[in-house]
Amino acid sequence: MPEIKVTPLGAGQDVGRSCILVSIAGKNVMLDCGMHMGYNDDRRFPDFSYITQNGRLTDFLDCVIISHFHLDHCGALPYFSEMVGYDGPIYMTHPTKAICPILLEDYRKITVDKKGETNFFTSQMIKDCMKKVVAVHLHQTVQVDEELEIKAYYAGHVLGAAMFQIKVGCESVVYTGDYNMTPDRHLGAAWIDKCRPDLLISESTYATTIRDSKRCRERDFLKKVHETVERGGKVLIPVFALGRAQELCILLETFWERMNLKAPIYFSTGLTEKANHYYKLFITWTNQKIRKTFVQRNMFEFKHIKAFDRAFADNPGPMVVFATPGMLHAGQSLQIFRKWAGNEKNMVIMPGYCVQGTVGHKILSGQRKLEMEGRQILEVKMQVEYMSFSAHADAKGIMQLIRQAEPRNVLLVHGEAKKMEFLKQKIEQEFHVSCYMPANGETTTIFTNPSIPVDISLGLLKRETAIGLLPDVKKPKLMHGTLIMKDNSFRLVSPEQALKELGLAEHQLRFTCRVHIQDPRKEHETVLRVYNHLKGVLKDYSVQHLPDGSITVESILIQATAHSEDQGTKVLLVSWTYQDEELGSYLTSLLKKGLPQSTS
Amino acid sequence: SELHLSKLRLTKPSKSAALHVDLCKATSPADALQYLLQFARKPVEVESVEGVVRILLEHYYKENDASVRLKIASLLGLLSKTAGFSPDCIMDDAINTLQNEKSHQVLAQLLDTLLVIGTKLTENPSVRMRLVEVACKHLTDSSHGVRNKCLQLIGCLGPVEKGVAKEVESQAAKDVQKIIGDHFNDQDPRVRTAAIKAMLQLHERGLKLQQAIYSQACKLLADDYEQVRSAAVQLIWVLSQLYPESIVPIPSSNEEIRLVDDAFGKICHMVSDGSWVVRVQAAKLLGSMQQVSSHFLEQTLDKKLMSDLRRKRTAHERAKELYSSGEFSSGRKWGDDAPKEEIDTGAVNLIESGACGAFVHGLEDEMYEVRIAAVEALCMLAQSSPSFAEKCLDFLVDMFNDEIEEVRLQSIHTMRKISNNITLREDQLDTVLAVLEDSSRDIREALHELLCCTNVSTKEGIHLALVELLKNLTKYPTDRESIWKCLKFLGSRHPTLVLPLVPELLSTHPFFDTPEPDMDDPAYIAVLVLIFNAAKSCPTMPALFSDHTFRHYAYLRDSLSHLVPPLRLPGRKLVSSPVSPSITPHEDPSQQFLHQSLERVYNLQHLDPQGIQELLEFTIRDLQRLGELQSELAGMADFTATYLQCQLLLIKALQEKLWNVAAPLYLKQNALASAAAKQILEETYKMEFMYSGVESRQVVIIHHMRLQAKALQLIVTARTTRGVEPLFGMCEKFLQEVDSFQRCFISELPHMQGSFVDKLLDLMPRLVTSKPSEVVKILQTTLRQSTFLHLPLPEQLHRATANIIEPTGESDNPLRFTSGLVVALDVDATLEHVQDPQGTVKVQVLYPDGQAQLIHPKPADFRNPGPGRHRLITQVYLSHTAWTEPCQIEVRLLLAYNSNRSKASAKILKSTWSESLEALPQSENGIEGTIPFSKPVKVYIMPKPARR
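Sequences listed follow chains S and F, in order.
Each number in our numbering comes from the position in the first sequence (counting from 1) with 15 added on.
Each number in our numbering comes from the position in the second sequence (counting from 1) with 64 added on.
The hints are simulated quantities; they were obtained by calculation from the structure and are not laboratory data.
Don't take every hint at face value.
From chain S, some residues computed to sit far from chain F (all C-beta separations above 12 Å) [claimed, not checked]:
| no. | residue |
| --- | --- |
| 1 | H495 |
| 2 | P510 |
| 3 | E580 |
| 4 | E597 |
Derived pair list, reagent style DSS-like, types lysine-lysine, alpha-carbon separation capped at 25 Å [as the list claims (entries may be wrong)]:
| no. | chain 1 | residue 1 | chain 2 | residue 2 |
| --- | --- | --- | --- | --- |
| 5 | S | K360 | F | K539 |
| 6 | S | K238 | F | K539 |
| 7 | F | K201 | S | K477 |
| 8 | F | K535 | S | K238 |
| 9 | S | K304 | S | K321 |
| 10 | S | K238 | S | K396 |
| 11 | S | K501 | S | K477 |
| 12 | S | K229 | S | K307 |
| 13 | F | K535 | S | K239 |
| 14 | S | K42 | S | K501 |
| 15 | F | K201 | S | K492 |
| 16 | F | K523 | S | K238 |
| 17 | S | K360 | F | K535 |
| 18 | S | K477 | F | K166 |
| 19 | F | K455 | S | K229 |
| 20 | S | K318 | S | K239 |
| 21 | S | K209 | F | K283 |
Footprint (simulated), chain S over chain F, 3 or more residues, beta carbon under 8 Å [unchecked claim]:
| no. | region |
| --- | --- |
| 22 | 423–437 |
| 23 | 498–505 |
The C-beta atom is built at its ideal place from N, Cα and C for all residues, glycine as well.
Turn these sequences into a full structure, and let the hints steer you where they fit.
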């Protein structure tokens, strides 16, 4: 039985280090190649030795697909391709290809330059790795080799994020990567057609959450910023350089525009500026509003948001500053925070989750006195706000995607085991499909029942459909033809053609069958009775009584003779060619039931 | 068939013969196709249609090429459409062509032709039956195109009446619903769509669909193709309207629910469909499902939030709780939205919840088309259910922050429409008011309209609204009028809430005198408007006013009378309300004044000319002043003043000495009289076309005045021109006009005793035979002797006004551009009481060299913010050759008119003159002109010479 095997090397009942191996119809595909934020040792990268102990990975993998540019989905890529060794194709969308190297370089800098690690990939390796990347467009079917094809669907989440369909023959797998079913200020919602894959591999970060409408959060956010600025206060928004930052920028930019506000908005420079540049270029990947208005004005060409300079932090008057990093643990955001924390007019808005131990986490949990480096005590008087802007699908969103794609099996990754358990149960209950949630290193095998395509000649098809009633979707249709299996392909042709192709002579095959009927009357009377009976039952067929005393139903011949021993028993000889097997066997079974006790 | 022959003989041979020759000449199918294409471009007269059809059919049978047959088939359909042609004579032939046709495409086209024929012969049931039978026969065709057309034909022509269906023997025609229903499962999605559409067509034609279709239609909702799903949603909606109270079972349980509720749930489900076309369709239809149970309706706003398997409250719920606990606007803390109780995992239903959260999804959709549809649906449902209105408020308020302006605007309008059902909570009001800072004028004005009819629950709310409106006023001073109006309604709706605020608002102090505020400050006026309107129904309030407040009241009552109501102030009765006891309270004194002055004029017609003139002058002055003071009466006052002005001009012109002296000596007087005639003509056009609410009673008087002016013109010309020749034509034209006047207003003539036209008509036989000089003489005496006609006033009369907001005309910075190129000038204007502005309002640009340019704005440039009001936002392209220095151009709005469009004459023409329309004199038919109806605005521009 054909099967699809899935083994997560990362992200199995876990978040981070996404890396999933799929073998489908003899092809091996690796989905994502990410790093884990929680580890600094070997565990930060997937264990590629699982694939092969020695020898190059290229021999074992047909292709690698990267869903989007977040490091937990692409962070291990240079290590994998340059240090472990992989020379096959790597597929990602155009925006991902553009932004991915920036983030990898940033990641390398922090690990090597700041933490001083050795034996890490180098800038050159990143470049070499990116040379192996093949960029794909949305909905473009890419033929990896003769049998394997992949296709990208829009996934929301971040710029360039995509879901991928992997297809070999009739078997297919859809991998969602991270996706978002509700649109936000800069991206649209994920969408997929009814592709009915054999397996859907879905993320499940928010498996047990149904989220509130985004509008309330946006409104709250804007109101708070607005109020603080109106009071003359300063607003600090710590963000990670890519993704949410752009959404918040658009949100504030349009609000400033709408409300005619004058207070300056700054964005800390560096990484972001470069990234914004790409956002400007990939307008087609954004939401309806940005796509429709970019002719007048590209929304990422910010009018109100300017680059930040260190000296601006001391300027008097209101201002809004976006600064990295997002958890206030180091860098510019922390510097600005220290300057502004003492004034109760100011405000800091944390737009995302903060890891324990960071300044962000401390102030969010209500700590008002912070011990900084050098035993300094920093008193936090500024207001602290939390706004969650997350771009993953919630439980309802995941269900909605499953409904859209109609998969035959679902496999959950990228989430916590406990939460997956709930969603798995729901999916099985509501869609009646099986759902799997393998842990890292655990292999799930799914048996498929692929339909096998057969070529049929048009002439035969037309001829066969012309017989009988109109095709009905619900009933399978019986067809007569010859199946030729040759050179790995299947063809259905008419018997004559098959004979011709194979150079064979035609043999007639006839079935004959004797049916005994108890009838004391004369032979020709029996024949007449049979004739009348058949005529009455088989209304749609041509039943004829021939002068020589035999009956034909279509091409089936029926003759009656008296039994040599018992004159009261008549023997009906039924004869048909094998083409008429269906009708012939029906007729014999009909005659075996005997003739009705007619009066005439 | 003698009749048949005679018919053939009637047909013009030319057309058909030409075609016949052409087709015979054709050597190849491509040639024939060319001839047919050329033939199709020219219209065919009704008489020759049948002949042409026969020739086409003849060729049809001979033709081997399918594309030519296809074209012939389509031509047959086209020809059958010819107005006045009855296609029953060609129906048999058309049906016969189907018999031996092998090409599916041609078959489909032939069926289409039959459909055209059928729709022209809908009155004939037997024809329809035949066509339906033909269609049924071809339903088994293997081509989707043919099946498609067959279904369309059945849908359009299938029997709808019960009685007819019984008489007809044919099995096929008996149950069209079943036949169409069988094709709901067709293998081709296009045919499935056509089947559903045919079913809907039957419904539209009045056939009651069977309830049994419902379960079939429900299955179609899961179809792979969006057009099928979209049509299925419609079908389900139709069935839910037909059988709302039927009971249907819930699958996989023993329960049953009303059909309309079930359908509602299913359509709600489609709001999260994969295709946005279906989503829009579903969201739109939800709005019209008013019979749905409130339980289901309210589910649409509840998404059943949870977090980590625990029930969570929505932000809306939290806001409400915060508000009711008295802790308004606390900052949100980390974990503030922490989930509460544990959820029973078994009970959570993630997908089958149907209606659950449908609107939450719809309002969050990525396509704005869906969001707008959802807002509209919310509006309709909320209008019929007050409790739902209350619940959807939070969601509507949220939509005020949508990224697309159209959606924001739509939600503000929606909120206004349901505002009768709701009272805003303070926190909601706060969010609503935040939008006042929006830079879009449309949004702000819509919001002002909304606030006009909003119910506020607390005095803090009123205070908040006032503060925000004043902020709005300082930020956008041009919103002044709109804000004042808004405060007027806010005050009059909430007198008791305003009362406790009065001391604070007027900053009065029990012991100290506070400085007198500046009377010209728009903000102070805004506060006063609020207070005075509240004081109208709150007699205790004036006691809180300080002295200067009373003075300001008197001033504002005079200068902004439309915003400040009359108040009964203690001790000031005489000053502020000069209402004499004889007048009934509901009669407005100004209205009284208007009528009194008019009566005075109409009664005193026999005074000496000098007296009349003086009285007219005074009255006109009074009326004009009245119009300025009382905006409600402005239309009425202006209208009558204009009329009196015409009369005055006429009297003055007739008083001229010119008439007694030899003409050439008094060229100056002559100029005066002819100028008067010209002005009267202009004024009459203004009266006819610039006022909305003018009835035929007024139109007669206006036309009569115009006739007098024309008579005057004739007399003046007769006096000043030598020779009789030109006069002949003029006299004749004038008499024609009198004649057409008589014909148009024959019913009104009895009311015009002693008038100019009345006398003229008596003299008509004499006039027709007289020489021009005599005619003139007669006219002169009749003009002098005729009486002054009383102008009856309609109930409502409004003058069309326009106000150009942008450009302001204040800029000293010239608009520079290179000569020969164009510069776009933004024009923003408000129009009031203009009927059909798209057709009549034009923009005129006057250059200093006298060159004038007339611009017709696009219909899309006009918006309709409220009844009787329009807003024109357009761009005017300017260009000119180079100037040496900047200069001003003038921009103004014109109202175009065409005397043909006159309501009164059009009506009369249609009813009584339809047969002799052509006999009407041309002069009366096509007078077109423009009336400037806005103040001109000056724009400084500077076309620079192009640099080489």
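Hint check:
Listed as a non-interface residue, H495 (chain S) keeps its Cβ farther than 12 Å from every Cβ of chain F; the least gap is roughly 19 Å. Non-interface status of P510 (chain S) relative to chain F is upheld: no Cβ of that chain comes within 12 Å, the nearest being about 24 Å off. For E580 (chain S), the non-interface assignment is confirmed: its Cβ lies about 52 Å from the closest Cβ of chain F, beyond the 12 Å cut-off. Separation of E597 (chain S) from chain F is adequate, the least Cβ-Cβ distance of about 22 Å exceeding the 12 Å criterion.
Distance restraint check for K360 (chain S) and K539 (chain F): the Cα-Cα separation of roughly 24 Å lies within the 25 Å cut-off, and the hinted pair is therefore satisfied. A C-alpha spacing of about 18 Å is found between K238 (chain S) and K539 (chain F), which places the hinted pair at or below 25 Å, so the restraint holds. Distance restraint check for K201 (chain F) and K477 (chain S): the Cα-Cα separation of roughly 20 Å lies within the 25 Å cut-off, and the hinted pair is therefore satisfied. Between K535 (chain F) and K238 (chain S) the CA atoms are separated by roughly 16 Å; this keeps the pair inside 25 Å, and the hint holds.
Under the criterion of a C-alpha separation no larger than 25 Å, the hint pairing K304 (chain S) with K321 (chain S) is consistent with the structure, at around 22 Å. With a CA separation close to 20 Å, the supplied pair K238 (chain S) and K396 (chain S) stays within the 25 Å bound. Simply put, K501 (chain S) and K477 (chain S) have alpha-carbon atoms about 23 Å apart, close enough for the 25 Å limit, and the pair holds. With a C-alpha separation of about 22 Å, the suggested pair K229 (chain S) and K307 (chain S) falls inside the 25 Å cut-off, and the hint holds.
Taken as a hint, the K535 (chain F) and K239 (chain S) pair is honoured in the structure, with Cα atoms around 18 Å apart against an allowance of 25 Å. About 23 Å separates the Cα atoms of K42 (chain S) and K501 (chain S), which keeps this hinted pair within 25 Å; it holds. A C-alpha spacing of about 23 Å is found between K201 (chain F) and K492 (chain S), which places the hinted pair at or below 25 Å, so the restraint holds. For the proposed pair K523 (chain F) and K238 (chain S), the alpha carbon gap of about 23 Å is at most 25 Å, so the pair holds.
Our distance criterion of 25 Å between C-alpha atoms is met by K360 (chain S) and K535 (chain F), whose separation comes to about 22 Å. Proposed proximity of K477 (chain S) and K166 (chain F) is supported: the alpha carbons are some 15 Å apart, at most 25 Å. Annotation: proposed proximity of K455 (chain F) to K229 (chain S) holds, straight-line Cα distance about 18 Å (limit 25 Å). Between K318 (chain S) and K239 (chain S) the CA atoms are separated by roughly 21 Å; this keeps the pair inside 25 Å, and the hint holds.
With a C-alpha separation of about 16 Å, the suggested pair K209 (chain S) and K283 (chain F) falls inside the 25 Å cut-off, and the hint holds. Counting residues of the region 423–437 of chain F whose beta carbon lies closer than 8 Å to any beta carbon of chain S gives 7, which reaches the threshold of three, so the coverage claim holds. Counting residues of the region 498–505 of chain F whose CB lies closer than 8 Å to any CB of chain S gives 5, so the stated coverage by that chain holds, three being the minimum.
Checked against the numbered hints listed earlier, the structure breaks none of them; every hint is satisfied.
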